[in-house]
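These are the residues of each chain, in order.
2 protein chains.
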Amino acid sequence: MDKPKQGGSILRRFRDYRWDETELLAYKEEGSAPFKAITRQTLFRDPALGCELRYFEMAPGGYSTLERHEHMHAVLILRGRGECLVGDEVRKIETNDLVTIAPWTWHQFRAASDSHLGFLCMVNVERDKPVQPTEDERKAFEANPLVAAFLKKD
Amino acid sequence: MDKPKQGGSILRRFRDYRWDETELLAYKEEGSAPFKAITRQTLFRDPALGCELRYFEMAPGGYSTLERHEHMHAVLILRGRGECLVGDEVRKIETNDLVTIAPWTWHQFRAASDSHLGFLCMVNVERDKPVQPTEDERKAFEANPLVAAFLKKD
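Sequence lines, in order, name chains A and B.
Residue numbers for the first sequence follow numbering that gives the first Met the number 0, so the first one is 0 and each next one is one higher.
Residue numbers for the second sequence follow numbering that gives the first Met the number 0, so the first one is 0 and each next one is one higher.
Hints are supplied without guarantee of correctness; some may be wrong.
Stated by the list, open to error - Heads up, incomplete: computed chain B residues facing chain A, CB under 10 Å, no partners named:
#1 Trp18
#2 Thr38
#3 Arg39
#4 Phe43
#5 Leu77
#6 Glu88
#7 Ile100
#8 Asn123
Worth flagging that the hints you see were computed from the coordinates, not collected in a lab.
Yeah, the Cβ is synthetic: ideal placement off N, Cα and C, and Gly gets one too.
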């Protein structure tokens with residue numbers, strides 16, 4: 000369970016992509032959706048803020064769930080490199096690049112085979128739950144060869 | 000003037016602490032408050048998000064305004080090192096450290112004399128204006144030798 004508030008201390012030190020007083024969490028409940036080698040930390044969550052700032056990290060070859068939702072994602076790559084699918088575009092991503100995921104846009108992140116991929120993600124505190132593609136929707140993705148190549152790395 | 004929305008493109012590339020399609024802005028209006036060698040970029044601002052993510056950067060020896068406000072700051076150091084005053088505490092800060100500035104807490108950031116200091120700052124879109132200390136408030140700070148030493152670097 001996440002703590003209801005994160006960030007009470009003035010300063011939380013960074014060391015090797017962990018932060019003081021900040022729990023290393025499972026990305027999602029195991030078996031709830033497809034994902035691989037990914038963790039989650041909540042860096043800032045406070046009743047005084049309309050958004051949360053989370054840090055997600057994939058080990059080499061790891062990936063997040065292919066999903067979409069009404070709420071928007073504002074992402075800054077903090078560590079390493081990889082690629083992402085956003086809508087029908089596959090893009091290479093490097094440290095400090097910014098990724099904007101508009102409402103209801105399909106998206107998935109994937110670490111390179113030889114690099115971690117860590118990113119900050121800002122989201123509204125009040126947000127809807129993600130949905131995953133149906134079989135038909137997944138087939139439609141695969142009509143695009145670049146997207147098909149991205150997806151088949153699972 | 001800031002653009003009303005930031006982050007329309009899926010991917011905005013990073014290069015030398017600038018981002019595609021992201022304007023380099025003055026920290027504040029010149030002469031409106033004390034500050035030195037500091038710039039501002041709005042990384043994410045969108046009607047769908049309750050918060051903005053900004054990037055502030057100080058050249059070596061630069062500093063932000065000593066101020067406070069009702070709204071909270073959630074800060075991640077993205078570049079270099081320096082120190083900050085938060086309330087009556089002076090703390091050294093390094094890349095990727097997290098700093099939490101609670102409502103109505105006096106704060107100021109300062110780059111080291113030999114390093115840039117760049118940080119991400121998440122704030123609510125709807126927020127109040129900062130206030131600066133009165134002469135009496137500034138004198139009260141100076142009763143603490145560590146705080147006095149921090150402030151006199153201006």
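Against the structure, the hints:
{"no.": "1", "hint": "Trp18", "in the structure": "holds, 6 Å"}
{"no.": "2", "hint": "Thr38", "in the structure": "violated, 16 Å"}
{"no.": "3", "hint": "Arg39", "in the structure": "violated, 16 Å"}
{"no.": "4", "hint": "Phe43", "in the structure": "holds, 4 Å"}
{"no.": "5", "hint": "Leu77", "in the structure": "holds, 7 Å"}
{"no.": "6", "hint": "Glu88", "in the structure": "holds, 6 Å"}
{"no.": "7", "hint": "Ile100", "in the structure": "holds, 8 Å"}
{"no.": "8", "hint": "Asn123", "in the structure": "holds, 5 Å"}
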